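Asks: So you can see what is in the structure, the chains are spelled out below.
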Amino acid sequence: MTILIQFAIGLVFGLGLIVSGMSNPAKVLNFLDVGGIPAGTWDASLAFVMAGAVAVTFIGFSRVLKLARPVFADRFYVPTRKDIDPRIIAGPAIFGIGWGLVGFCPGPALTALGFGSVSAFIFVAAMCAGMMIARFIAQLPSSTRIVTPSDPLET
Amino acid sequence: MVATPFTPIASLLGGALIGLSAVLLMWTTGRIAGVSGIAARLFPPYEDRQFAGRLAFVAGLVVAPILVRLVTGSLPAQTIAAATPLLIVAGLLTGFGAVWGSGCTSGHGVCGLSRLSVRSLVATITFMATGMATVLLMRHWS
Chain G
1 MTILIQFAIG LVFGLGLIVS GMSNPAKVLN FLDVGGIPAG TWDASLAFVM AGAVAVTFIG
61 FSRVLKLARP VFADRFYVPT RKDIDPRIIA GPAIFGIGWG LVGFCPGPAL TALGFGSVSA
121 FIFVAAMCAG MMIARFIAQL PSSTRIVTPS DPLET
Chain C
156 MVATPFTPIA SLLGGALIGL SAVLLMWTTG RIAGVSGIAA RLFPPYEDRQ FAGRLAFVAG
216 LVVAPILVRL VTGSLPAQTI AAATPLLIVA GLLTGFGAVW GSGCTSGHGV CGLSRLSVRS
276 LVATITFMAT GMATVLLMRH WS
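Protein chains in written order, with the working numbering: chain G, 1 to 155; chain C, 156 to 297.
Keep in mind the hints are simulated off the structure, nothing from the lab.
Fair warning: this is a prediction, and the values are worked out from it, not measured in the lab.
A couple of the hints might just be wrong.
What the hints assert, rightly or not - Computed footprint of chain C on chain G; a stretch qualifies when at least three of its residues, placed anywhere within it, have a C-beta under 8 angstroms from a C-beta of chain C:
| id | segment |
| --- | --- |
| 1 | 3 to 9 |
| 2 | 13 to 22 |
| 3 | 82 to 90 |
| 4 | 115 to 125 |
We put the CB at the ideal spot given by N, CA and C, even for glycine.
From just these sequences and the hints, can you work out the full model?
Replies: Given below as structure tokens:
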């Protein structure tokens, strides 16, 4: 039951990516290309994707998180960290470079698989490798680290 | 470079669907709809028993365009200009950076900003900045 629901929720996410235009890397790159503003080639659409997504999520989260617990889980798994460590800058900095090179971030790249695109398959395979490398490095013991290394996925 | 039309209404609607998905996932499973976190946890080491649910979510992402094609008979434009070596480098950087920074456009940019998380705000500003800088270098200085 919950599996089917999570499939449906993923489907809604994917439809959102397609309807919004985020599944098209050219559109993403034209948004990131602020150098195209003078020439008129800048595509501001993605700011509207963010606005629509954040507006709905902000209102929805504020209501849902007031509930005692989720429908199918024992509690809400919401990140609690507030510290600004080097990783929260280095990770997104590296991510942004990859995003800017092709125009794919993880969601649209996975959705692009359903377009039957070979390029998307190559990108997703490399992306998964990158994810595994990051998790592997994060778990290596370090002489400079005093506390136990934490899983970077745990925000 | 391929010109793309400005689509404020469709983008706002699509964004709202993404937000709806994030709210539904939180309401039902209590989890953040961060695609990189969900995808990365499909690989070992496994910390919990949510594998099937995560795989179902990713399957939904992949099936969405197939459903659109079945219903409407066509798919919107998708232009991927990058050659294979660039796809590999970009994929590696995107995957590595998303995990290293605890999230991507969805986890930080949508869910994190909606929770008013300072870490997510720092992350979002950073990847927007390096993303824009990368496109600027690729298109205007090469």
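Asks: When the hints from earlier in the document are held up against this structure, which numbers fail?
Replies: none
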